[in-house]
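> Using the sequences and the hints given, assemble the complete structure.
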Amino acid sequence: DQQVKQNSPSLSVQEGRISILNCDYTNSMFDYFLWYKKYPAEGPTFLISISSIKDKNEDGRFTVFLNKSAKHLSLHIVPSQPGDSAVYFCALSPLGNEKLTFGTGTRLTIIP
Amino acid sequence: DAGVIQSPRHEVTEMGQEVTLRCKPISGHNSLFWYRQTMMRGLELLIYFNNNVPIDDSGMPEDRFSAKMPNASFSTLKIQPSEPRDSAVYFCASSFTVRGTHEQYFGPGTRLTVT
Chain V
1 DQQVKQNSPS LSVQEGRISI LNCDYTNSMF DYFLWYKKYP AEGPTFLISI
51 SSIKDKNEDG RFTVFLNKSA KHLSLHIVPS QPGDSAVYFC ALSPLGNEKL
101 TFGTGTRLTI IP
Chain F
1001 DAGVIQSPRH EVTEMGQEVT LRCKPISGHN SLFWYRQTMM RGLELLIYFN
1051 NNVPIDDSGM PEDRFSAKMP NASFSTLKIQ PSEPRDSAVY FCASSFTVRG
1101 THEQYFGPGT RLTVT
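These protein sequence lines map, in sequence, to chains V and F. Reminder that position 3 of the first sequence reads as 3 in the working numbering, one-by-one numbering, no gaps. Counting from 1 along the second sequence, just add 1000 to a position and that's the residue number in the working numbering.
Worth flagging that the hints you see were computed from the coordinates, not collected in a lab. Errors might be hidden in some of the hints.
Said to hold, decoys possible - Listed next, the in silico BS3-like pairs over lysine-lysine satisfying Cα-Cα at most 30 Å (straight line):
no., chain 1, residue 1, chain 2, residue 2
1, F, 1068, V, 99
2, F, 1068, V, 38
3, V, 5, V, 68
4, F, 1078, F, 1068
5, F, 1078, V, 38
6, V, 99, V, 56
7, V, 5, V, 38
8, V, 54, V, 38
9, F, 1024, F, 1078
10, F, 1024, V, 38
11, V, 5, V, 99
12, V, 99, F, 1078
13, V, 71, F, 1078
Given the structure is predicted, the values throughout are model-derived calculations rather than measurements.
What follows is the structure, given as structure tokens:
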């Protein structure tokens, strides 16, 4: 029973356009939401996070949106750059708990 | 600043052998996590420690797996005996537990192949 789903295994976006990655979850106990980026042969790298008391957090080209009622999380990257090509994971943790449950990942390819 | 350090980066062993994976967390971090990544199951948490104490080992697949954290700067994940289905990439991550934040910082991983 997968609690966290990233329904798009892959996504291709033209350089300079917006990339939108999505993540859906089923457990309403999740309280803190993170995005990680992973390059081949490296560990995941923390990108941006948001707590359940907010619906938007922005850091440079990266913005995370949280829709609690829909149990939906998204990451927007604008403008997309070739270096953004990687696998992106959403990761969620419940209130008062450090455990992260990861999504299945979306492979983003930026086309020059 | 050194990140999370894992060794070895690659390990190839025969079924039945003991395997020990090592991790040095980021200095000052007080939580340490062991993950396994496979094609079938994705990235899954095996065990985590807080202040060197195991907090949750519910993800450890079976008794063949054990983890220790003898001090704040070192942890091991041991598989004995190893089996081909243990082949995966094993990641160690660390974090500094601050109320309301859960960012974990990952090492480069150890790619384990059991033949």
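> Would you mind marking each hint as holding or not holding in the structure?
We went through each hint and held it up to the structure:
1. F:1068 <-> V:99: 18 Å, holds
2. F:1068 <-> V:38: Holds: residue 1068 of chain F and residue 38 of chain V sit about 27 Å apart, inside 30 Å.
3. V:5 <-> V:68: 15 Å, holds
4. F:1078 <-> F:1068: With Cα atoms ~8 Å apart, residue 1078 of chain F and residue 1068 of chain F stay inside 30 Å; holds.
5. F:1078 <-> V:38: Cα-Cα ~25 Å, so holds.
6. V:99 <-> V:56: Given pair residue 99 of chain V, residue 56 of chain V holds - Cα atoms ~22 Å apart, limit 30 Å.
7. V:5 <-> V:38: 17 Å, holds
8. V:54 <-> V:38: 25 Å, holds
9. F:1024 <-> F:1078: 15 Å, holds
10. F:1024 <-> V:38: 20 Å, holds
11. V:5 <-> V:99: Measuring from Cα to Cα gives roughly 17 Å; hence the hint holds.
12. V:99 <-> F:1078: 21 Å, holds
13. V:71 <-> F:1078: Not satisfied, since the Cα-Cα distance of roughly 37 Å exceeds 30 Å.
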